[in-house]
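Just so we're aligned, residue 55 is where the sequence shown starts under the working numbering, counting upward by one.
FYI, nobody ran anything at the bench for these hints, they're computed from the structure. These numbers come from a predicted model, not from an experiment. Don't take each hint at face value.
[What the hints assert, rightly or not] 25 Å max Cα-Cα, derived BS3-like pairs, lysine-lysine:
#: 1; residue 1: 290; residue 2: 256
#: 2; residue 1: 256; residue 2: 228
#: 3; residue 1: 228; residue 2: 166
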Amino acid sequence: IVDGSKYTRRNVMSINYSPRVSVVIPCHNEAGGIMGCITDARTTCESFNISLEIIVVDNASNDNTAELARVYGAHVIEEPHLGYGNALRRGFREARGEFIVFGDGDGSYDFKEIPRFLSLIQEADFVTGERRFIASDAMPFLHRYVGRPLFAFIIRHLFGVPVHDSHSGFGMIKREVLIQLPLTSSGMEFASEILIIAHRNKVRIVSTPIHYRSRIGTSKLRTFRDGARHLHFMGKVLASP
Numbered sequence: 055i056v057d058g059s060k061y062t063r064r065n066v067m068s069i070n071y072s073p074r075v076s077v078v079i080p081c082h083n084e085a086g087g088i089m090g091c092i093t094d095a096r097t098t099c100e101s102f103n104i105s106l107e108i109i110v111v112d113n114a115s116n117d118n119t120a121e122l123a124r125v126y127g128a129h130v131i132e133e134p135h136l137g138y139g140n141a142l143r144r145g146f147r148e149a150r151g152e153f154i155v156f157g158d159g160d161g162s163y164d165f166k167e168i169p170r171f172l173s174l175i176q177e178a179d180f181v182t183g184e185r186r187f188i189a190s191d192a193m194p195f196l197h198r199y200v201g202r203p204l205f206a207f208i209i210r211h212l213f214g215v216p217v218h219d220s221h222s223g224f225g226m227i228k229r230e231v232l233i234q235l236p237l238t239s240s241g242m243e244f245a246s247e248i249l250i251i252a253h254r255n256k257v258r259i260v261s262t263p264i265h266y267r268s269r270i271g272t273s274k275l276r277t278f279r280d281g282a283r284h285l286h287f288m289g290k291v292l293a294s295p
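Make a model of the complete structure from these sequences and hints.
Next up, the structure:
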């Protein structure tokens, strides 16, 4: 894994073709943030002449997330089974792009990063964002200073994945690589699964610093329940042959 912070707009502009990118956004009640995510992805890709499709996976929302996403031009898929992993895996199955971007629909991630991630993935198979620049109110104290570094430590030292942010919700992966990964997690533990399974399958991973902004709306993360799911998944992997 290498640091992608050295890549600039000049590097991005050196790409002399127009790859097709699929943006997959899992949503559960994200009416406040989804419009900005779609707009940022679309306008940025248009300015860089990047062919794009945007897939919003509506994960049993009871607000107007799906309606707003359609108005703003996204292809909306309904996934009735609740869970971050369920929503992402459904979106991945529908994606047609050569490169697949995934990011939350709450405004916390910057979809204007897509061109820079495209420049990075020329040397890798999977680019993952490291939330290095975090807004002061974007993450609870316990998550920022205990959970996040603890799980990253476990991922590095027990599984050999040299990342410093194992729970980032923003990344880009080549579709030809993704479809080979046996991903099965239904919930938040999907963030650990995709890194561990990718590493075990010799996927070339690039880690790059990103900004993490204050989310719009209510967080769906449940600290102890979701932390336990991550630990349970890791335990199963360690116990498997």
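These are the hints, each one checked on the structure:
no., hint, result
1, 290 x 256, "holds (20 Å)"
2, 256 x 228, "holds (14 Å)"
3, 228 x 166, "holds (19 Å)"
Consistency note: the structure conflicts with none of the earlier hints.
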